[in-house]
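Protein chains: 2
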Amino acid sequence: MSAMESVKALVFDVFGTVVDWREGIARDAAPFLARHGRGDIDPRGFADAWRRRYQPAMEECRSGRRPFTRLDLLHRENLEAVLRDHGLDPARIGESELDALNRAWHRLDPWPEAVAGLVRLRRRYFIAPLSNGNIALLANMAKRAGLPWDAILGAEVAQAYKPQPEAYLRTAEILGLRPAEVCLVAAHNNDLKAARGSGLATAFVPRPTEHGPGQATDLEPAEPWDVVARDFQDLAHRLGC
Amino acid sequence: MSAMESVKALVFDVFGTVVDWREGIARDAAPFLARHGRGDIDPRGFADAWRRRYQPAMEECRSGRRPFTRLDLLHRENLEAVLRDHGLDPARIGESELDALNRAWHRLDPWPEAVAGLVRLRRRYFIAPLSNGNIALLANMAKRAGLPWDAILGAEVAQAYKPQPEAYLRTAEILGLRPAEVCLVAAHNNDLKAARGSGLATAFVPRPTEHGPGQATDLEPAEPWDVVARDFQDLAHRLGC
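Chains as they are written, first to last, in our numbering: chain A, 1 to 241; chain B, 1 to 241.
A portion of the hints provided could be inaccurate.
Claimed, not checked - Capping the alpha-carbon separation at 20 angstroms, the derived lysine to aspartate or glutamate pairs in DMTMM-like fashion look like this:
| hint | chain 1 | residue 1 | chain 2 | residue 2 |
| --- | --- | --- | --- | --- |
| 1 | A | K8 | B | D72 |
| 2 | B | K143 | B | E181 |
| 3 | B | K143 | A | E173 |
| 4 | A | K8 | B | D99 |
| 5 | B | K8 | A | E173 |
| 6 | A | K143 | B | E181 |
| 7 | B | K8 | A | D72 |
| 8 | A | K143 | B | E173 |
| 9 | A | K143 | A | E173 |
Honestly, the hints are just simulated from the structure, not real lab data.
Chain A extracted, bound-state conformation (with noise of 0.2 angstroms):
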């Protein structure tokens, strides 16, 4: 564990590693899909909808076709897309209640021991997101959750999407640090990955219910990262706080 004696920073992943996007986002697309005569759409089906959207729309600012836009409005379209996939016309349905719903992911709860473990990493580190989630979304969702975070970072500060290269280095630029002193935290092989060929250290912390019961992927790690823990509580002790 020596890359990580150098670590001032621990940065995180958030949707997924630190927060469950697919209950929260199914809990309030339930009461919303009943309300317009389509309970009978499976709410976790749609969440999963809307979050195979997410990918494809970063990526039309990753590749410079489009200039960089916020998730809320990334989000925000691809809703819109969605219940047109499910039959709903957007354009019938109120800006209040598309707007409300838009940012349940505002409101997504973090997995059960996540807060703890943040309350102990943050004694010993300076403890940020770096999510491709907008500022407001992030600091509203720390405030309703509780997520201890010393700053919110992310691609709209670093003004670009994981897993490009500025989204990493822009990050630890920021915090006025080397990319060695910063350790990614996330639950995503493909994330510690990029941010590896950055030059950061790397921390997996598996999700095995992120995708739901059948989940197939990142069930572990697929590099010998710096740490692998349990959970968040276990990254605390592995790493003495």
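Got chain A sorted already, so can you dock chain B onto it with the hints?
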């Protein structure tokens, strides 16, 4: 106080309004000057001289003569200039010592009631700094002093130095709020004037010893600001927190 009814977020000037920069810089400059055989220099005068270079340095960026440059670097350049003005050659002082003194701006103490006032205000409002300080400076300061911000905002996030309108307008936009839903809290009338010019609500909290016992500026509100409070505890009381 009707302008406050629509306010959802309070954003704070920091240097002078939340923290006492003059005493904090003097505290860390004193042993530095003594180590270099210049115990004859008044550390508060040294702090004042360092601070006098603050506005001109930012003005280079505001005017477009220089791209946006974070405050840590402007502070560092200004420190070297002030040392030279006092007959000290920065090239003969170690890099780590210069960096440590420059980081005195990360270690400023809050005014005595500021943390308790912010804790109360945070129950009802989203709170964040809207400072010309950079993210790392503000976040390190907050971690050390226990400032309970919901996010770290300011010039570096907005990529514009106050009192440029973009500093206020982009901050509201990042929060997903209209300018009238954001209130600037500041001890400086010119900051509040610019915020009002961009449509923000305004709260004045005088800090009559920011510049020392002989302070002649910003002792009174220069305009009828939306709220005038004695300190942050009084502000919390007036806002029903």
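Status of each hint after checking the structure:
1. Annotation: proposed proximity of K8/A to D72/B holds, straight-line Cα distance about 19 angstroms (limit 20 angstroms).
2. For the given pair, K143/B sits about 27 angstroms from E181/B by alpha-carbon distance, which is inconsistent with the 20 angstroms threshold.
3. Proposed proximity of K143/B and E173/A is supported: the alpha carbons are some 19 angstroms apart, at most 20 angstroms.
4. Distance check on the hinted pair: K8/A and D99/B sit about 17 angstroms apart at the alpha-carbon level, within 20 angstroms; holds.
5. In summary, the hint linking K8/B to E173/A is not supported, as the alpha carbons are separated by about 31 angstroms, beyond the 20 angstroms threshold.
6. Of the pairs offered as hints, the one joining K143/A and E181/B holds, with about 18 angstroms between alpha carbons and a cut-off of 20 angstroms not exceeded.
7. At most 20 angstroms may separate the alpha-carbon atoms for a hinted pair to count; K8/B and D72/A meet this at roughly 19 angstroms.
8. For the proposed pair K143/A and E173/B, the alpha carbon gap of about 19 angstroms is at most 20 angstroms, so the pair holds.
9. With a C-alpha separation of about 26 angstroms, the suggested pair K143/A and E173/A falls outside the 20 angstroms cut-off, and the hint is violated.
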